[in-house]
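Given chain A, put chain B in place with the hints provided.
Residues per chain, in single letters:
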Amino acid sequence: MPVIPVLWEAKGDGDGERKHQKLLEAISSLDGKNRRKSAERSEASLKVSEFNVSSEGSGEKLVLADLLEPVKTSSSLATVKKQLNRVKSKKTVELPLNKEEIERIHREVAFNKTSQVLSKWDPIVLKNRQAEQLVFPLEKEEPVIAPIEHVLSSWKARTPLEQEIFNLLHKNKQPVTDPLLTPVEKASLHAMSLEEAKMRRAELQRARALQSYYEAKARREKKIKSKKYHKLVKKGKAKKALKEFEQLRKANPAAALEELEKIEKARMMERMSLKHQNSGKWAKSKAIMAKYDLEARQAMQEQLAKNKELTQKLQVASESEEEEGGAEEVEELLVPDAVNEVQMNVNGPNPWMLRSCTSDTKEAAAEEDPEQLPEPVAHEVSESEGEERPEAEDDTLLREFEERRSLRKRSELNQDAEPAGSQETKDSSSQEVLSELRALSQKLKENHQSRKQKASSEGTVPQVQREEPAPEEEEPLLLQRPERVQTLEELEKEECFQNKELSRPVLEGHWSEKIPNNHPDAPKEKKKEEEMIDLQNLLTTQSLSVKSLAVPTIEMLEDEVERNQRQMIKEAFAGDDVIRDFLKEKREAAEASKPKDVDLTLPGWGEWGGVGLKPSAKKRRRFLIKAPEGPPRKDKNLPNVIINEKRNIHAAAHQVRVLPYPFTHHRQFERTIQTPIGFTWNTQRAFQKLTTPKVITKPGHIIKPIKAEDVGYRSSSRSDISVIQRNPKRVTTRHKKQLKKNSAD
Amino acid sequence: MKVKMLSRNPDNYVRETKFDLQRVPRNYDPALHPFEVPREYVRALNATKLERVFAKPFLASLDGHRDGVNCLAKHPKNLATVLSGACDGEVRIWNLTQRKCIRTIQAHEGFVRGICTRFCGTSFFTVGDDKTVKQWKMDGPGYGEEEEPLHTILGKTVYTGIDHHWKEAVFATCGQQVDIWDEQRTNPICSMTWGFDSISSVKFNPIETFLLGSCASDRNIVLYDMRQATPLKKVILDMRTNTICWNPMEAFIFTAANEDYNLYTFDMRALDTPVMVHMDHVSAVLDVDYSPTGKEFVSASFDKSIRIFPIDKSRSREVYHTKRMQHVICVKWTSDSKYIMCGSDEMNIRLWKANASEKLGVLTSREKAAKDYNQKLKEKFQHHPHIKRIARHRHLPKSIYSQIQEQRIMKEARRRKEMNRIKHSKPGSVPVVSEKKKHVVAVVK
Numbered sequence: 001m002p003v004i005p006v007l008w009e010a011k012g013d014g015d016g017e018r019k020h021q022k023l024l025e026a027i028s029s030l031d032g033k034n035r036r037k038s039a040e041r042s043e044a045s046l047k048v049s050e051f052n053v054s055s056e057g058s059g060e061k062l063v064l065a066d067l068l069e070p071v072k073t074s075s076s077l078a079t080v081k082k083q084l085n086r087v088k089s090k091k092t093v094e095l096p097l098n099k100e101e102i103e104r105i106h107r108e109v110a111f112n113k114t115s116q117v118l119s120k121w122d123p124i125v126l127k128n129r130q131a132e133q134l135v136f137p138l139e140k141e142e143p144v145i146a147p148i149e150h151v152l153s154s155w156k157a158r159t160p161l162e163q164e165i166f167n168l169l170h171k172n173k174q175p176v177t178d179p180l181l182t183p184v185e186k187a188s189l190h191a192m193s194l195e196e197a198k199m200r201r202a203e204l205q206r207a208r209a210l211q212s213y214y215e216a217k218a219r220r221e222k223k224i225k226s227k228k229y230h231k232l233v234k235k236g237k238a239k240k241a242l243k244e245f246e247q248l249r250k251a252n253p254a255a256a257l258e259e260l261e262k263i264e265k266a267r268m269m270e271r272m273s274l275k276h277q278n279s280g281k282w283a284k285s286k287a288i289m290a291k292y293d294l295e296a297r298q299a300m301q302e303q304l305a306k307n308k309e310l311t312q313k314l315q316v317a318s319e320s321e322e323e324e325g326g327a328e329e330v331e332e333l334l335v336p337d338a339v340n341e342v343q344m345n346v347n348g349p350n351p352w353m354l355r356s357c358t359s360d361t362k363e364a365a366a367e368e369d370p371e372q373l374p375e376p377v378a379h380e381v382s383e384s385e386g387e388e389r390p391e392a393e394d395d396t397l398l399r400e401f402e403e404r405r406s407l408r409k410r411s412e413l414n415q416d417a418e419p420a421g422s423q424e425t426k427d428s429s430s431q432e433v434l435s436e437l438r439a440l441s442q443k444l445k446e447n448h449q450s451r452k453q454k455a456s457s458e459g460t461v462p463q464v465q466r467e468e469p470a471p472e473e474e475e476p477l478l479l480q481r482p483e484r485v486q487t488l489e490e491l492e493k494e495e496c497f498q499n500k501e502l503s504r505p506v507l508e509g510h511w512s513e514k515i516p517n518n519h520p521d522a523p524k525e526k527k528k529e530e531e532m533i534d535l536q537n538l539l540t541t542q543s544l545s546v547k548s549l550a551v552p553t554i555e556m557l558e559d560e561v562e563r564n565q566r567q568m569i570k571e572a573f574a575g576d577d578v579i580r581d582f583l584k585e586k587r588e589a590a591e592a593s594k595p596k597d598v599d600l601t602l603p604g605w606g607e608w609g610g611v612g613l614k615p616s617a618k619k620r621r622r623f624l625i626k627a628p629e630g631p632p633r634k635d636k637n638l639p640n641v642i643i644n645e646k647r648n649i650h651a652a653a654h655q656v657r658v659l660p661y662p663f664t665h666h667r668q669f670e671r672t673i674q675t676p677i678g679f680t681w682n683t684q685r686a687f688q689k690l691t692t693p694k695v696i697t698k699p700g701h702i703i704k705p706i707k708a709e710d711v712g713y714r715s716s717s718r719s720d721i722s723v724i725q726r727n728p729k730r731v732t733t734r735h736k737k738q739l740k741k742n743s744a745d
Numbered sequence: 001m002k003v004k005m006l007s008r009n010p011d012n013y014v015r016e017t018k019f020d021l022q023r024v025p026r027n028y029d030p031a032l033h034p035f036e037v038p039r040e041y042v043r044a045l046n047a048t049k050l051e052r053v054f055a056k057p058f059l060a061s062l063d064g065h066r067d068g069v070n071c072l073a074k075h076p077k078n079l080a081t082v083l084s085g086a087c088d089g090e091v092r093i094w095n096l097t098q099r100k101c102i103r104t105i106q107a108h109e110g111f112v113r114g115i116c117t118r119f120c121g122t123s124f125f126t127v128g129d130d131k132t133v134k135q136w137k138m139d140g141p142g143y144g145e146e147e148e149p150l151h152t153i154l155g156k157t158v159y160t161g162i163d164h165h166w167k168e169a170v171f172a173t174c175g176q177q178v179d180i181w182d183e184q185r186t187n188p189i190c191s192m193t194w195g196f197d198s199i200s201s202v203k204f205n206p207i208e209t210f211l212l213g214s215c216a217s218d219r220n221i222v223l224y225d226m227r228q229a230t231p232l233k234k235v236i237l238d239m240r241t242n243t244i245c246w247n248p249m250e251a252f253i254f255t256a257a258n259e260d261y262n263l264y265t266f267d268m269r270a271l272d273t274p275v276m277v278h279m280d281h282v283s284a285v286l287d288v289d290y291s292p293t294g295k296e297f298v299s300a301s302f303d304k305s306i307r308i309f310p311i312d313k314s315r316s317r318e319v320y321h322t323k324r325m326q327h328v329i330c331v332k333w334t335s336d337s338k339y340i341m342c343g344s345d346e347m348n349i350r351l352w353k354a355n356a357s358e359k360l361g362v363l364t365s366r367e368k369a370a371k372d373y374n375q376k377l378k379e380k381f382q383h384h385p386h387i388k389r390i391a392r393h394r395h396l397p398k399s400i401y402s403q404i405q406e407q408r409i410m411k412e413a414r415r416r417k418e419m420n421r422i423k424h425s426k427p428g429s430v431p432v433v434s435e436k437k438k439h440v441v442a443v444v445k
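Same order as they appear, the protein sequences are chains A and B. For the first sequence, full-length UniProt numbering gives the first residue as 1, with consecutive numbering after it. For the second sequence, full-length UniProt numbering gives the first residue as 1, with consecutive numbering after it.
Keep in mind that the hints were calculated from the coordinates and are not lab data. Note that the structure is a prediction, hence the values are computed from the model and not measured. Just so you know, not all the hints are guaranteed correct.
Said to hold, decoys possible - If you want a taste of the chain A side facing chain B, the calculated C-beta under 7 Å gives, among others:
no.	residue
1	Ala110
2	Thr114
3	Ala146
4	Gln674
5	Trp681
6	Asp720
All C-beta atoms in this analysis are idealised placements derived from N, C-alpha and C, irrespective of residue type, glycine included.
Same shape as in the complex, but just chain A (with noise of 0.2 Å):
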């Protein structure tokens, strides 16, 4: 119940305010606000002020709004308005901490400060802790390198070494101060900029990988076996060799003079050295082997071949068969029999061929070869004249080859044994090149001297046995030896003998070198391998599968039943049979300490001895020395007991009784123990590392304390003693509230 106090009465003017001001209060009493006043007089000298101005109030607060009001009408006090509005949003301050409080919130906060800046320092603490080995002082010197003019400057030649060599240094203009270079090396460095270098760099890379293409080509097709192939290639070679100094000769008849000189002069070389007579080491190992073997007898005979192709005097005219009687002569004196004789035989046709049913002299075949030659000749001739054709035949022929040899390649894993090759197609290539100039030469000016005159056949005859390919496959027949067959059955025996023995190896030869090229053989080897490998899988699947499905299932069963039962049994008998065990232990220590016998019997000493035979019971008897009884063990009358009787106590003094402290089992610290750091069981390099040093000092080197900068920290770029001359004293409001915050926390 709002209650209107009427304390005073009013009295005269003076008292309208009091009116006025009662007035109020009871109207604000009105809105339902308990509001009771104090009963007790006021003092007047707290009302009156001495400035003639009413105190009255001084315990009410003076509120913003009061104030605002008046000028609110008046719009030219905008900006105070504005400025009051601010303020009046604002709470006053409050009172400040004592000094002690502030101190403390301020050492706080510096201490919370500082640990921040220090934990930076933790890793590096840790990682020196740490470290295996570390060297002090820890900042690096780097050595201070002098350019060496400086180096020179204060240097002078005193000694008369010295100034020779200074003298010498003059002389060659080499700069002794800077700029160190000579002219010359200068104009080398300018020389080439980057670019020309670096596309000068891929030319050359480029020709490198180009040579090596080339080389690798070269190599395989020098690995090629095939001796038609080779002279395919001969062949091809010689007629490009041909073509090219024919059209030189029309373009320029002195280069190709020159190249006529050239191939003349090759040939007196090849004329005075003995590089193609049979006086070589592989000639002479040929010719022991020419006896037995066909085609070292054949590599024989085309070696000889060309070297008389290559000695053979330039045919003049009036060159007679004497001269070549005369140089067959020669032959004959360095080639052994056998060999010569092959050689009359290979090319033509043989005459016990031809004359294998009629019994004619070796005379007589030596006199029908040059009969039969002619016609090769006629046919060189026309192959001279229409190259067109066989060129066409060889390409067929080189591609054949090419065919074959991918073939073989593809089949080779096969095949390892490889027959042996004859060594004459492995002749160096350039050398190859040579003799195919030589002989085309030859040719050419055989070629000159039949257009301008007739040439004898006989002249020809060589060139032509040459260049003629020999069939292969009939050759290894017609080999025989005819000086010993004197009588026709002897001879023929000894024909159908040598069929028998020779045509074999041959065969086999042909065979292995057949095995490769024959089509149908490489894919049944290839079947043959697939069906192994069928029959393999086959069997390695059944396994799995039975291994994948019997198996785990009947395991996992017994498995488990066993668990079953060890569960119930150990349930059952749960801690039953700890003394047993005890007692079975104590026996078996027992047992192990007892000294053992020592049985010397040697069985099978003076009597039967072997498998099943034990020496006799009476010389074991003889032979068993017994242990002395030792002494009773300590533990006898100790039934809950086992006392240890193995341990040394001498032993022991040496031992490490505790586990020493980083060590957390005893293995690590017994395996430590065990590995040797010493240099007679160590390397000498593992012997140094082992025993490095924990901490390395330099003898007379200061050592710094460490700085941020050594550990590639950065160090604080103010100064300690700037910071304190611009440290304010005071700390700023914000910053206090935090502080208060803190320690409130």
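Then chain B, alone, in the frame of chain A:
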């Protein structure tokens, strides 16, 4: 066809010069070199014995002072130069290689309380009982010049210690409060105080150079931040701390030499528990100094001995004493970490090897290898009882020895009593306090 052939590098078997040793190929088959462990054990034993045989750490005694040596300082740039201040106000500069005093200054009246060198090594500062701080040139005066300080600052109170900043022209003194001075001014740029007791020593942190530590006679250690011009934290120990020393390799670690015979290594971020309590001395520890490698420190004690402690061990690895050495007041570890200097009551400065059995001078590579190997062997077999016994054996003066025995008994009695109290009281009512925590009374924020 390429034929592969055995090829050897002649470098592996040909000597470079005829003076080189012949290379002998060696077979490292373990079967050929049996009994590794016993052989190495014997080697280790021999190494340990030899170490003891060669343990002759005392190098020289520098005599010349006419009163007890009160403080020592190292030259920051020169290993051979040492400065010392005596109780009669005399400062001497020594040359260690010649073992001679090269300069004598009557610096103060009364004690020289503290001495420190400037980081550049051109001058040094002394404080004395005559309430002055004096700066001196390191080089002596020229012919005909007076021996005079560069600057003299007259203070209001006695300064008991001084230390110079590691990088800047600032130094700190202590007395009634910690003052930080600019070298150019006669008034401190800031003074920091916390409590009202005389501060006995102040030390700058060598790594974070704005940090300082001080210890006062009201048993506390106070840390300050020079930049923020405010103390940071205070730890109160059982007894008074005589001096502290910062670890030069670990920014937040310092060690305090206490009157209660112990040294305490603190991490300054966690002052409530020391990282390690080092105890072996049998009397008050008066001074401590870290090895520049930060792995060990040396302490000087009133019990007439100095001891070397590894920072992570609570027991000392070495004790040095001589018959004539009295109470050791100050100790320093030289900047190359090879030597230790100590100044004592009986007017002498002594020079010791930091490693008692170390051979001085240049070692050949083989000697070095042998030394390293022996060191590793000793380390490897250090736990074996015989080796341990030999390695630990030290001769001690009777006074120290009997003191050790006595203190052991006392300690044991105290421990027993505590155990009994725990045993006979309600479980949990008597707390078990660890040795580390026992000595810290309080940490004041």
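- Query: Can you give the numbers of the hints that this structure goes against, from lowest to highest?
  - Reply: 3
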